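Once you have looked at the hints, place chain B on chain A.
2 protein chains.
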Amino acid sequence: MRRVGIIGAGMTKFGEHWEHGFRDLVVESGVKALTDAGISGDKIDAGYIGTMASGSLIGQEHIGGLLADYMGLNPIPITRVEGACASGSLALRQGFMAVASGLHDIVVVGGAEKMTDLGVSAVSDILGGAGDQEWELFLGATFPGIYALMARKHMQEFGTTEEMMASVSVKNHSNGAKNKYAQFPREITMEQVLGSKMIADPLKMLDCSPITDGAAGVVLAPMDMAESFAKEPVEIVTSAQASDSIALHSRESLTELKATRVAAEKAYERANLTPKDINLAEVHDCFTIAEIMAIEDLGFFPKGQGGPASLEGKTKLEGEIPINTSGGLKACGHPVGATGVKQAVEITWQLRGEAGERQIKDASVGLSHNVGGSGATAVVHIYKKS
Amino acid sequence: MRRVGIIGAGMTKFGEHWEHGFRDLVVESGVKALTDAGISGDKIDAGYIGTMASGSLIGQEHIGGLLADYMGLNPIPITRVEGACASGSLALRQGFMAVASGLHDIVVVGGAEKMTDLGVSAVSDILGGAGDQEWELFLGATFPGIYALMARKHMQEFGTTEEMMASVSVKNHSNGAKNKYAQFPREITMEQVLGSKMIADPLKMLDCSPITDGAAGVVLAPMDMAESFAKEPVEIVTSAQASDSIALHSRESLTELKATRVAAEKAYERANLTPKDINLAEVHDCFTIAEIMAIEDLGFFPKGQGGPASLEGKTKLEGEIPINTSGGLKACGHPVGATGVKQAVEITWQLRGEAGERQIKDASVGLSHNVGGSGATAVVHIYKKS
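In the order they appear, the protein sequences are chains A and B. Each residue of the first sequence is one higher than the one before, starting from 1 at the first, in the working numbering. Each residue of the second sequence is one higher than the one before, starting from 1 at the first, in the working numbering.
For reference, chain A alone in the conformation it holds in the complex (with noise of 0.2 Å):
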């Protein structure tokens, strides 16, 4: 097993890109990640793209294909992979297996997604194929609605409060509000969030993460090759994937995701670290509650402490462990299968010293988790400055 860097990262603005298509957004953020690691498309050996449901979404499916092309790369093989809103990282872990098994030296991996073709409603059916369709959303359940369960029992058995989930949601914001990529880079105020619409009790509008065009790109090479590129590479030093049963009905708790636990354990164990040695960390806030869940379950604070650990701003940018530093899906945007790479990207700038206003002081190893739907799929990696 080679060891594995990123050598250059970049994405689109997240937002609504009514003037560009699908292929403008996934272009521009290869482009960029090219751009930054200083080489040209011919030395590309393969690609992967993650992406969740362009064939409902704009009508599109052969998305590696169309990525070959359109990024003028073929005849070199693209591979879409799907995992839901874990489509992203599941293309990085693809193309880090890889470059990791010495196949390829140098691969391309983006996600992306164009959501707001359609309206709302349609684009809500359609994230209902990222949980059990057949035994939940084809019922009503709605992924509010799932995270909600998941919320209602978290505040009964750990006292978890609504202001405490709120506060999640206030700080991504203030972390979005300092980058210039984010769909929403402005503050909000706690008030705003409690104040905000009801969508499913207890979850307001400000605590779900929103609906997103955009896309994200980074391009790898084995760290022995890394270093003759424009930059210093970040090493990923694992990657871990787990799943869990996709229907809520059929898992043993609601106050944890199984496949985030799993995954977080074999990346610990494979990179010889433990939590306390993570500088910062994205993690999959699509509700607040979910982020609330990810800092226990990644292992940053003991199970019930991860509402408390928010409030008290343990996890600002200033805090013990700073979590999304990005602005998380909440501020910064969750075109679902971009929010993966885009992840691998925020940790690649923080780790190089290029996050300017939201830059944690001497960060030097980093942590991302996705999450597919309500938590069938996840996916951790930790990346080491070099």
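Bear in mind the hints are in silico, worked out from the structure with no lab data behind them. Mixed in with the good hints there might be a few duds.
Intra- or inter-copy, both count: the list cannot distinguish identical chains.
What the hints assert, rightly or not - Calculated pairs, DSS-like style, for lysine-lysine (alpha carbon to alpha carbon, straight line, at most 27 Å): (1) K266 to K276; (2) K258 to K43; (3) K303 to K178; (4) K266 to K43; (5) K361 to K43; (6) K314 to K43; (7) K266 to K231.
Note that this is a predicted model, so its numbers are computed, not measured.
Positioned in the frame of chain A, the structure of chain B alone reads:
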């Protein structure tokens, strides 16, 4: 790189499974493959599943998570890959890479599609997602129309005739009649093909592969472990993938699929074999003209000679190079995501001598060839009897 073997193979009957859902089909093929391998689920380290358009066809994405759940395999990682009609072969390729690299030992690979729950018109629109929607399909092109353009050009350049194309269909139905898993296990005549309804001139109904439900699965293991399982493993000696422009208008030639040619060249080179070493092949006959181009692009016949070779019977079971012993996409059926894995299942059965009435005598080297859309992706695998 470790040597990789297929230690188990299984598939559902291909056809209209109105009484079974997507999950049932995947589980049936997966259990058959595991049973054939003589191993239990707890031996599996990871999985890959190929499906093209489950989101649009049945409203369900996140197929990796779903499969891990319904196969009783969670928390192991299962990942969906998509490359239109080549999705199954891409899943096989990811599984091959995972085992070859040493990252995983036992990997289950599935391919599945449930297509008959919607009407033909809706399914045709969804299949359009395999091509360039924005420049071809949305503007009125259809897949039969796109392949009809290639057929007309092939007829003009090389004198290929409608009879030559029809002979492919007659031969594949003759093979399919010997396959209990085939959707249309019955012989047809040249007159029936030529007299069938015109779909896109010169392609008639019986030049076209059908809409099908079905699933197929294989179990992979390193060759040095494979000997400890129930049956002699079939080695996958190489896996190659290439891409081309997604729209026809950007291609240099309409009478070859560049992606097939490039993937085949890579496959032969890596395996240190030539087309003459191949004893039988499953190729992508989504339309009869596609098989004629494939047997040329794969090097079995010179460019322009695929039509005469077919008419002369050189690709029959008893011919020089038996093509599509399973019945191919035409007679066995084409559940798009399943096809690539079904090809691997057929080659496995042939190389083990388990293909019954359609068995090729002394077959020791087989090849499978799977195409996405009109050729933006092509995947070639070569297999050897151990």
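Do the hints match the structure? See the list:
In this homomeric assembly, K266 and K276 come within 27 Å of each other (Cα to Cα) only inside a single copy, at 16 Å, whereas the closest approach across copies is 46 Å. Taking the shortest alpha-carbon separations for K258 and K43, only the inter-copy value of 20 Å comes in at or below 27 Å, while the best intra-copy value is 39 Å. For a Cα distance limit of 27 Å, the shortest separation of K303 from K178 qualifies neither inside one copy, at 30 Å, nor across copies, at 59 Å. Taking the closest pair of Cα atoms, K266 and K43 come within 27 Å of each other only across two copies (18 Å); inside a single copy the shortest separation is 32 Å, beyond that limit.
With identical chains, the CA atoms of K361 and K43 are never at most 27 Å apart, being 34 Å at best within one copy and 45 Å at best between copies. Taking identical chains as interchangeable, the C-alpha atoms of K314 and K43 are never at most 27 Å apart, the minima being 43 Å within one chain and 41 Å between chains. Taking the closest pair of Cα atoms, K266 and K231 never come within 27 Å of each other, the shortest separation being 29 Å inside a single copy and 33 Å across copies.
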